[in-house]
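*Asks:* If you want the building blocks of each chain, they are given just below.
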Amino acid sequence: GAVVSQHPSWVICKSGTSVKIECRSLDFQATTMFWYRQFPKQSLMLMATSNEGSKATYEQGVEKDKFLINHASLTLSTLTVTSAHPEDSSFYICSAGRLAGEETQYFGPGTRLLVL
Amino acid sequence: LAKTTQPISMDSYEGQEVNITCSHNNIATNDYITWYQQFPSQGPRFIIQGYKTKVKNEVASLFIPADRKSSTLSLPRVSLSDTAVYYCLVGDMNTGFQKLVFGTGTRLLVSP
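Which chain is which? The protein sequence lines are A and B, in order.
Under the working numbering, the first residue of the first sequence is numbered 1, with each subsequent residue one higher.
Under the working numbering, the first residue of the second sequence is numbered 117, with each subsequent residue one higher.
Please keep in mind that the hints were generated in silico from the structure rather than gathered at the bench.
Among the hints, erroneous ones may be present.
With beta-carbon atoms standing in for the labels, derived distance ranges [as the list claims (entries may be wrong)]:
{"id": "1", "chain 1": "B", "residue 1": "PRO181", "chain 2": "A", "residue 2": "LYS66", "range": "42 to 48 Å"}
{"id": "2", "chain 1": "A", "residue 1": "LEU68", "chain 2": "B", "residue 2": "PRO228", "range": "44 to 50 Å"}
{"id": "3", "chain 1": "A", "residue 1": "SER43", "chain 2": "B", "residue 2": "TYR129", "range": "24 to 30 Å"}
{"id": "4", "chain 1": "A", "residue 1": "HIS7", "chain 2": "B", "residue 2": "THR220", "range": "26 to 32 Å"}
{"id": "5", "chain 1": "B", "residue 1": "THR145", "chain 2": "A", "residue 2": "LYS14", "range": "47 to 53 Å"}
{"id": "6", "chain 1": "A", "residue 1": "SER18", "chain 2": "B", "residue 2": "PRO123", "range": "38 to 44 Å"}
{"id": "7", "chain 1": "A", "residue 1": "ALA72", "chain 2": "B", "residue 2": "GLN132", "range": "46 to 52 Å"}
{"id": "8", "chain 1": "A", "residue 1": "SER73", "chain 2": "B", "residue 2": "LEU196", "range": "39 to 45 Å"}
Within a straight-line C-alpha distance of at most 30 Å, the following computed DSS-like cross-link-like pairs (lysine-lysine) qualify [stated by the list, open to error]:
{"id": "9", "chain 1": "B", "residue 1": "LYS215", "chain 2": "A", "residue 2": "LYS64"}
{"id": "10", "chain 1": "B", "residue 1": "LYS119", "chain 2": "A", "residue 2": "LYS55"}
{"id": "11", "chain 1": "A", "residue 1": "LYS41", "chain 2": "B", "residue 2": "LYS185"}
{"id": "12", "chain 1": "B", "residue 1": "LYS215", "chain 2": "A", "residue 2": "LYS20"}
{"id": "13", "chain 1": "B", "residue 1": "LYS119", "chain 2": "B", "residue 2": "LYS185"}
{"id": "14", "chain 1": "A", "residue 1": "LYS20", "chain 2": "A", "residue 2": "LYS55"}
{"id": "15", "chain 1": "A", "residue 1": "LYS66", "chain 2": "B", "residue 2": "LYS119"}
{"id": "16", "chain 1": "B", "residue 1": "LYS168", "chain 2": "B", "residue 2": "LYS119"}
{"id": "17", "chain 1": "A", "residue 1": "LYS66", "chain 2": "A", "residue 2": "LYS41"}
{"id": "18", "chain 1": "B", "residue 1": "LYS215", "chain 2": "B", "residue 2": "LYS119"}
{"id": "19", "chain 1": "B", "residue 1": "LYS215", "chain 2": "A", "residue 2": "LYS55"}
{"id": "20", "chain 1": "B", "residue 1": "LYS119", "chain 2": "A", "residue 2": "LYS41"}
{"id": "21", "chain 1": "B", "residue 1": "LYS215", "chain 2": "A", "residue 2": "LYS66"}
{"id": "22", "chain 1": "B", "residue 1": "LYS119", "chain 2": "B", "residue 2": "LYS170"}
{"id": "23", "chain 1": "B", "residue 1": "LYS185", "chain 2": "B", "residue 2": "LYS172"}
Think of the CB as a built atom: it goes at the ideal place given N, C-alpha and C, for glycine as much as any other residue.
Just chain B, with the same shape it has in the complex:
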């Protein structure tokens, strides 16, 4: 399983765009990149997933360079409620029931 490395913490202010970068140098050909959000005392919540280039949904964008050795989660115009821990994971979703290995995650603090 590919290991991921993220910044331990980040600070931001309301209304700003936040970019969290994750390194996954050993990503395999069949691996997808998935980001989860976790609030205190809750289970992780799926945010976005991608394989290459750019993926966008209603809450975030995911940028993946051609070599796929890193990825960047972009949160537009964050609010106080975006304060959470964000986890980047990689795994072979094509084989089905991928057991996920969580890294340290990035603790995002959004201030007024």
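Okay, chain A solo, but in the shape it has when bound:
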């Protein structure tokens, strides 16, 4: 149990286009999901907290208009990178926790984004 999936696993796009990444909790419901970004040889950096049915909470320095987050159901959160540029190329990872009683976060496999 406690499996989190992401789609796509990797994506290449042209500069200026938008890319949507999905995060799904496959066998549990998640009121809250988290989005991270990781550059090569660096640690994970929290971007935003995705709350089901309400607006996401963004960390300082993360542009909410560039990284659109939607959490429309208890099993799906999406991150849309709008007007992507090469500097947005990174590894994007989501995590989710089960409802009351869960002790930890479970991470998705990540999505590699390359913007040309």
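Start from chain A and add chain B according to the hints.
*Replies:* Just chain B, lined up with the frame of chain A:
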């Protein structure tokens, strides 16, 4: 959120026991300690979690002294496949959806 400090890297050989220590001097009463493992181009994987004393599962042990200001992840008889980055995190899991702040992690290299 309590900050954690770990060694940047460690080297070991196959079959040896590896102990990675993490400092978390500002840990709060309700904080739990969680360790994750991350392979390149993969999401972190939960290894073990504890509050105090010792916790053991099929892959690792976690030692936490009485003051809880540090913790040690012990990996018995490592293999080449244990080469990864190991992250120590602390947070209040009792409140539910804890947002995790990752430190630098420890890059473990296991050689033949």
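*Asks:* Each of the hints needs a verdict: does it hold here or not?
*Replies:* Hints and how they fare:
The given range of 42 to 48 Å is respected by PRO181 of chain B and LYS66 of chain A, whose C-beta atoms sit roughly 44 Å from each other. A C-beta distance of roughly 47 Å is found between LEU68 of chain A and PRO228 of chain B, which places it inside the suggested range of 44 to 50 Å. Distance hint check for SER43 of chain A and TYR129 of chain B: the Cβ-Cβ separation is about 26 Å, which falls inside the suggested range of 24 to 30 Å. Judged by the Cβ atoms, the range 26 to 32 Å given for HIS7 of chain A and THR220 of chain B holds: they are separated by roughly 29 Å.
Roughly 51 Å separates the CB atoms of THR145 of chain B and LYS14 of chain A, a value that falls within the hinted 47 to 53 Å. The supplied range of 38 to 44 Å is met by SER18 of chain A and PRO123 of chain B, whose beta-carbon atoms lie about 40 Å from each other. For the pair ALA72 of chain A and GLN132 of chain B, the supplied restraint of 46 to 52 Å holds, since their beta-carbon distance comes to about 49 Å. Restraint check, SER73 of chain A to LEU196 of chain B: a C-beta distance of roughly 41 Å satisfies the suggested window 39 to 45 Å.
Distance restraint check for LYS215 of chain B and LYS64 of chain A: the Cα-Cα separation of roughly 18 Å lies within the 30 Å cut-off, and the hinted pair is therefore satisfied. Annotation: proposed proximity of LYS119 of chain B to LYS55 of chain A holds, straight-line Cα distance about 27 Å (limit 30 Å). Under the criterion of a C-alpha separation no larger than 30 Å, the hint pairing LYS41 of chain A with LYS185 of chain B is consistent with the structure, at around 27 Å. Between LYS215 of chain B and LYS20 of chain A the alpha-carbon distance is near 22 Å, which keeps this suggested pair within the 30 Å criterion.
For the proposed pair LYS119 of chain B and LYS185 of chain B, the alpha carbon gap of about 11 Å is at most 30 Å, so the pair holds. Restraint check: the Cα-Cα separation between LYS20 of chain A and LYS55 of chain A comes to about 17 Å, which is no more than 30 Å; the hinted pair holds. For the hint pairing LYS66 of chain A with LYS119 of chain B, the CA-to-CA distance comes to about 29 Å; that is within 30 Å, so the pair holds. Annotation: proposed proximity of LYS168 of chain B to LYS119 of chain B holds, straight-line Cα distance about 18 Å (limit 30 Å).
With a CA separation close to 24 Å, the supplied pair LYS66 of chain A and LYS41 of chain A stays within the 30 Å bound. Pair hint LYS215 of chain B plus LYS119 of chain B holds up; C-alpha atoms about 13 Å apart against a cutoff of 30 Å. This hinted pair checks out: LYS215 of chain B and LYS55 of chain A have alpha carbons roughly 16 Å apart, not beyond 30 Å. Between the alpha carbons of LYS119 of chain B and LYS41 of chain A the distance comes to roughly 20 Å, so the proposed pair stays at or under 30 Å and holds.
Restraint check for LYS215 of chain B and LYS66 of chain A: satisfied, since their Cα atoms lie roughly 21 Å apart, inside the 30 Å limit. With a C-alpha separation of about 21 Å, the suggested pairing of LYS119 of chain B with LYS170 of chain B holds against the 30 Å cut-off. Distance hint between LYS185 of chain B and LYS172 of chain B is fulfilled; the C-alpha atoms sit about 19 Å from each other, no more than 30 Å.
Hint violations for this structure: none, all hints satisfied.
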